Amino acid sequence: MTANSLDALDAVRSGGLLVYRQIERCFDAPFGTALNPWRHLGALGFLCFWLIAVTGFYLFAMLDTSAIEAYRSIDWLTRQQWYLGGLLRSIHRYGADAFIVITLLHIIKEFLLGRYTGFRRFSWLTGVPLLWFIFISGIGGFWLNWDQLGQFSAIATAELLDWLPIFATPLTRNFLSVTTVSDRLFSLFVFIHLGVPLLLLFGLWFHVQRINHAEIFPPRALSLGTFATLLVLALVAPVVSQAPADLSTIPAVLPLDWFYLFLHPLMYVSSSGSVWLLVSIVTLLLFGLPFLPKRSQFVAPAIAEVHADNCNGCRRCFDDCPYAAITMVPHPDGKPGQQLARVIPDMCASCGICTGSCPSSTPFRNVSALVTGIDMPQQPINDLRNTLKKSLAALEGDSKIVVFGCDNGARVATLAGKDVASISLMCTGMLPPSFVEYALRDGASGVLITGCSSSGCAFRLGSRWTEARLYGEREPRLRNNVPRERLHIVWADHGEEKKLLVALNEFRRSMAAPNKPNGII
Amino acid sequence: MLKSKPLVWIGQVLLYALFALIIGTFSSAPKYQHLTPDQALIKLSFSHLGKHIATCHQRTPEELAKLPRNMRAPMQCQRERSPVSVEVDLDGTLVYRHVAQPSGLSKDGASSVYQRIEATAGEHRLAIRMKDSPGDSAFDYKRDEVIHLKPGQVLVIDFSQEKGSITLQ
Numbered sequence: 001m002t003a004n005s006l007d008a009l010d011a012v013r014s015g016g017l018l019v020y021r022q023i024e025r026c027f028d029a030p031f032g033t034a035l036n037p038w039r040h041l042g043a044l045g046f047l048c049f050w051l052i053a054v055t056g057f058y059l060f061a062m063l064d065t066s067a068i069e070a071y072r073s074i075d076w077l078t079r080q081q082w083y084l085g086g087l088l089r090s091i092h093r094y095g096a097d098a099f100i101v102i103t104l105l106h107i108i109k110e111f112l113l114g115r116y117t118g119f120r121r122f123s124w125l126t127g128v129p130l131l132w133f134i135f136i137s138g139i140g141g142f143w144l145n146w147d148q149l150g151q152f153s154a155i156a157t158a159e160l161l162d163w164l165p166i167f168a169t170p171l172t173r174n175f176l177s178v179t180t181v182s183d184r185l186f187s188l189f190v191f192i193h194l195g196v197p198l199l200l201l202f203g204l205w206f207h208v209q210r211i212n213h214a215e216i217f218p219p220r221a222l223s224l225g226t227f228a229t230l231l232v233l234a235l236v237a238p239v240v241s242q243a244p245a246d247l248s249t250i251p252a253v254l255p256l257d258w259f260y261l262f263l264h265p266l267m268y269v270s271s272s273g274s275v276w277l278l279v280s281i282v283t284l285l286l287f288g289l290p291f292l293p294k295r296s297q298f299v300a301p302a303i304a305e306v307h308a309d310n311c312n313g314c315r316r317c318f319d320d321c322p323y324a325a326i327t328m329v330p331h332p333d334g335k336p337g338q339q340l341a342r343v344i345p346d347m348c349a350s351c352g353i354c355t356g357s358c359p360s361s362t363p364f365r366n367v368s369a370l371v372t373g374i375d376m377p378q379q380p381i382n383d384l385r386n387t388l389k390k391s392l393a394a395l396e397g398d399s400k401i402v403v404f405g406c407d408n409g410a411r412v413a414t415l416a417g418k419d420v421a422s423i424s425l426m427c428t429g430m431l432p433p434s435f436v437e438y439a440l441r442d443g444a445s446g447v448l449i450t451g452c453s454s455s456g457c458a459f460r461l462g463s464r465w466t467e468a469r470l471y472g473e474r475e476p477r478l479r480n481n482v483p484r485e486r487l488h489i490v491w492a493d494h495g496e497e498k499k500l501l502v503a504l505n506e507f508r509r510s511m512a513a514p515n516k517p518n519g520i521i
Numbered sequence: 522m523l524k525s526k527p528l529v530w531i532g533q534v535l536l537y538a539l540f541a542l543i544i545g546t547f548s549s550a551p552k553y554q555h556l557t558p559d560q561a562l563i564k565l566s567f568s569h570l571g572k573h574i575a576t577c578h579q580r581t582p583e584e585l586a587k588l589p590r591n592m593r594a595p596m597q598c599q600r601e602r603s604p605v606s607v608e609v610d611l612d613g614t615l616v617y618r619h620v621a622q623p624s625g626l627s628k629d630g631a632s633s634v635y636q637r638i639e640a641t642a643g644e645h646r647l648a649i650r651m652k653d654s655p656g657d658s659a660f661d662y663k664r665d666e667v668i669h670l671k672p673g674q675v676l677v678i679d680f681s682q683e684k685g686s687i688t689l690q
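Quick note, the sequences are listed as chains A and B, same order.
All residue numbers for the first sequence refer to the numbering used here, where the first residue is 1 and numbers rise by one.
All residue numbers for the second sequence refer to the numbering used here, where the first residue is 522 and numbers rise by one.
In short, the hints are calculated from the structure, not lab data.
All values derive from a computational prediction rather than experimental measurement.
Only true hints are included.
Cβ-to-Cβ under 10 Å is the rule here; a few derived chain B residues that face chain A:
hint, residue
1, 533
2, 540
3, 546
4, 567
5, 633
6, 671
7, 674
Straight-line alpha carbon distances no greater than 20 Å define the calculated DMTMM-like cross-link-like pairs of lysine to aspartate or glutamate that follow:
hint, chain 1, residue 1, chain 2, residue 2
8, B, 671, A, 246
9, A, 499, A, 24
10, B, 628, A, 162
11, A, 389, A, 419
12, A, 418, A, 396
13, B, 671, B, 610
Here chain B is said to cover these stretches of chain A; the calculated rule only asks that three of the stretch's residues, wherever they fall, bring their Cβ under 8 Å from a Cβ of chain B:
hint, region
14, 96 to 107
15, 164 to 170
16, 220 to 230
17, 243 to 251
Quick reminder that beta carbons are idealized off the backbone N, C-alpha and C, glycines included.
All chains should be modelled from the sequences, with the hints used to inform the complete structure.
Here it is as structure tokens:
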């Protein structure tokens, strides 16, 4: 691929990212960052899958899986048992539609954020086949109903598949007359609509294998909101069957589900070959994206390094790593049961969250050169302690504030001043809580901590773990004797420097006030 | 971030409603016009074994004696089959012509054809010709018929192996 093509791809990505950020911020206003659906697209996809699966169980139990009775059994559910079966059928269908929309948005978002290469390559590549599985199982669902829409879709799919030179007898011959559509063929439909979703479930499990603490359920409020939306839609516009399938006729007009069945009209206006060409190109592009040549200026960041002498095998880094890049192995010191962290290079995101979790990362250790159990070579914990000391020494004024931020969130460098020292980390999750206490003991009046908004953390869990550690809910905890009114947390994404500045000024004022507020975190 | 609680609720409801509107709309609209209301469809579809390229040879007793005992089949036939040619005329105009090659690596499988032919509803003269024998001989099977197509009707042209003729259904 030429440099020009890569430039064009970068331009598309950065332009798209600007638009995406704007949309995301628009949703922040009513939903807040924690419940913004754009920040939980993967989890929302999972929610749709669960909804489809649960409603599907009931529908399958009620479905008569024969060519003649299938239509009647579904139509009975829709009309006679509309309050349960009909409702579940509509949620099943709309949930499937939402699933594909959310999945496509998820793919676009991850592409715009450049999350398809490096340590994320595995998740990207395992995600591509899922798109196929979703479409196959979705399209197969229309056939089970065996109404005119199902008939149209089944025949169009057979015509598409017959283009491939793999079938001795054309599949389309199964749909020439009523006598050719047998119960056996219907069993195949059932197998596709049940078997492929099982493959999809397995693929989803594979897809999140390298994601620690994967979010397979969105936050409760968002789940309820999404479910309520689909429920209301099912009540307002219940899904109904078309006329029963009749192979001696062909319907002129069809209420097509464009989310899944758009390939059929595309085939009829072009050709089966064109559709195969299109889907092949899209699939190859998606598979090829992670293998594009790296830009010349791109230098892979150094990965975490384990220092065996300072690692006691506590497993905190193992628990906290967002990408399951750490495994535990027997410690070389030979003590029975003693373990040592080991970093898997390909999976390390270079976020430093492991350093923040390490109990050896405390700056209070009485050593001239601070070496921790697991450290980032590009920003060692010893440098962080030295930087903090130097910055504090240089501060002037009554309220000396130290701001710890992250490279991916709002830029903290803009806040630096006579009474403000700003330190940007690779991820806020890299900050051991003991550094807050250390800064306060070393002369800081207050410590402000910022980073990407909690549900938009570039490394997924940095903000979440930081907050939990500072609240004392997760190891390593901020000690109880640290005055909470001298600590402030404000999450601000890249571009939200104003918000950060406002928060800093408020914090400064609150510390100067005679009655300092309690529990400012 | 909106500070007012009612505004937050209104904003969320509006955005959820927009999502529902998109899902609800495109799950069944706009309607897809597959055929015009006055059209019908003729489907030509068959999967037919062409005749063998060469006639079978009756082995002589001498030839059989030279063969291992388990391979002494009295007839020796080449596996390859003839391609199947088909032509369809509608109202005297040739609308489809195709030569279907036999399937299989040894070209010993069935030749398959599937073709959609859209036609306006009403009376038509339909002529189908099919040839499954090798060489330049005339068509082996013919059918010429006046058909009456209703709007939306699907007429299937097939080949019945049992009857040995082209069928319309």
